[in-house]
Amino acid sequence: MILIIMLQMGNYFLGLQDKKAAEKILSIYWFIILIITVAGIYGMVMFYYSHPYDIRQVEASLLANKIADCVSYGGQINSEVFNYSDVKISDEFKDNFLNNCNITFNVESHKDWKAEQYYLEINFYRQVSDSRGDLDKIIKGNSEIKDICDATDKEYERLPKCVNKRFFTLYGTDLILIDIVTGVRKSEKNVK
Amino acid sequence: MKNEPFKRVSNQIEMKKRGKRASILVENVVFIVLNLVFLTILILFIARQGSGAILLEESYAKQIALIMDSAKPGMDIFIDFEKGIEKIKDSFGDEYYTNSSKFQSTIIVFNDNIVTVKLKEGKREGYSYSFFNDIQLNDFNYYVTDGKLFFRFTR
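Those protein sequences? They're chains A and B, same order as listed.
Sequential numbering of the first sequence, starting at 1, is according to the numbering used here.
Sequential numbering of the second sequence, starting at 1, is according to the numbering used here.
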């Protein structure tokens, strides 16, 4: 609107003053430059602000931290994780893992969300000298996320974000390696 | 008497010159004023885009969701809420951020593990975002104090 007014006022002055043709052309170019500038800035601002904040990487990282705090604390594995008789994850802990760790995968309703938006996988390994033996694993959430979260290319930025964390902890005198993989989808709310 | 016609012509030339100078001055002033108006509108547009209610709602909802995810018992966490207060003042009124119960039932609402932020009055429901931490409403308290949104996690 202001540009139209400016353009009309510019023409008014040009017509009234009977300026040289070169000055008229310069004035027209000036308004064209203004229009291009406005269009450019408007486009850039709209492009920037129309993209949502992507917090999935932070969410996945926080989820991994929460799991780590739940299965191990102060360098010792949580006493509820393994059975005493054999070094296997207790069924009670495995089945009620989300409750035991105060985690919920409930999400707000969204028309495109049919499956779960979170994924977690915890692998337990026993470290004996240089060899590593599988103990057990806990998997919860949407396992499809795991299959596609390794892609890092720009074209795959709409895909879920995943975080992998691993650390050692003690079970008595045994050294246990815990490998945690977490993934968050929620693409529709984090990527345009 | 002889010089009278010459004086008249000279005066006319002088007036024409003054008129031309005045018109150049007016043109330049108008040009500068219009440019300033243009720049001001552009800056206002950018500033308004950055502090729009919808954008702030998303930003606060996601910040709060991350706070809830990282919260542990005994923690006190606060975030800057100045822009949010401005929006609440404009749309709802002062009591909606000074009165905790009104604030908790209208502006920032927790429904299980979903937080909804609404900074503009109207039919819109605000912006909702979920967090994975299974924290209960009586495990924490939140309110606005000194331009900040304050969270206290008790359990």
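Derived from the structure by calculation, the hints contain no laboratory data.
Small disclaimer: the values here were computed from a predicted structure and weren't measured.
Treat each hint with caution, since some may be false.
Said to hold, decoys possible - No farther apart than 30 Å at their CA atoms in a straight line, the calculated lysine-lysine pairs in the DSSO-like style are these:
(1) 83(B) to 120(B)
(2) 102(B) to 148(B)
(3) 192(A) to 137(A)
(4) 72(B) to 148(B)
(5) 88(A) to 120(B)
(6) 165(A) to 120(B)
(7) 192(A) to 102(B)
(8) 140(A) to 72(B)
(9) 114(A) to 88(A)
(10) 7(B) to 89(B)
(11) 137(A) to 123(B)
(12) 137(A) to 148(B)
(13) 148(B) to 114(A)
(14) 146(A) to 111(A)
(15) 114(A) to 137(A)
(16) 111(A) to 88(A)
(17) 148(B) to 111(A)
(18) 123(B) to 146(A)
(19) 102(B) to 72(B)
(20) 111(A) to 123(B)
(21) 120(B) to 111(A)
(22) 83(B) to 72(B)
(23) 192(A) to 140(A)
(24) 165(A) to 94(A)
(25) 94(A) to 148(B)
(26) 123(B) to 72(B)
Item to check | Straight-line alpha-carbon gap residue 137(A) to residue 123(B), limit 30 Å | outcome: 47 Å, violated
Next on the checklist: Run the distance test for residue 146(A) versus residue 111(A): straight-line Cα separation, threshold 30 Å.
Outcome noted: Within the cut-off at roughly 22 Å; holds.
Next on the checklist: With the threshold set at 30 Å, check whether the alpha-carbon distance from residue 123(B) to residue 72(B) stays at or below it.
Outcome noted: 35 Å, violated
Item to check | Holds or violated: residue 148(B) to residue 114(A), with C-alpha atoms at most 30 Å apart | outcome: Since the Cα atoms of residue 148(B) and residue 114(A) sit roughly 37 Å apart, the hinted pair is violated (cutoff 30 Å).
Next on the checklist: Check whether the Cα positions of residue 120(B) and residue 111(A) lie no farther apart than 30 Å.
Outcome noted: 24 Å, holds
Checklist entry - Are residue 148(B) and residue 111(A) close enough, with their CA atoms no more than 30 Å apart? => result Answer violated: residue 148(B) to residue 111(A) is near 34 Å, above 30 Å.
Next on the checklist: residue 114(A) and residue 137(A) were given as a pair; does the straight-line alpha-carbon distance stay at or below 30 Å?
Outcome noted: Between residue 114(A) and residue 137(A) the Cα gap is close to 26 Å, so the pair holds against 30 Å.
Next on the checklist: Checking one constraint from the list: CA of residue 111(A) to CA of residue 123(B), max 30 Å. Satisfied?
Outcome noted: 19 Å, holds
Checklist entry - Holds or violated: residue 102(B) with residue 72(B), Cα cutoff 30 Å? => result 26 Å, holds
Item to check | Distance restraint between residue 140(A) and residue 72(B), which requires alpha-carbon spacing of 30 Å or less | outcome: 23 Å, holds
Item to check | Satisfaction of hint between residue 120(B) and residue 165(A), Cα-Cα up to 30 Å | outcome: Status violated; Cα separation ~40 Å.
Checklist entry - Given the proposed pairing of residue 165(A) with residue 94(A), does the C-alpha separation stay at or below 30 Å? => result Between residue 165(A) and residue 94(A) the Cα gap is close to 19 Å, so the pair holds against 30 Å.
In the structure shown, a violation is registered for the earlier hints numbered 3, 5, 6, 7, 9, 10, 11, 12, 13, 16, 17, 18, 25 and 26, in ascending order.
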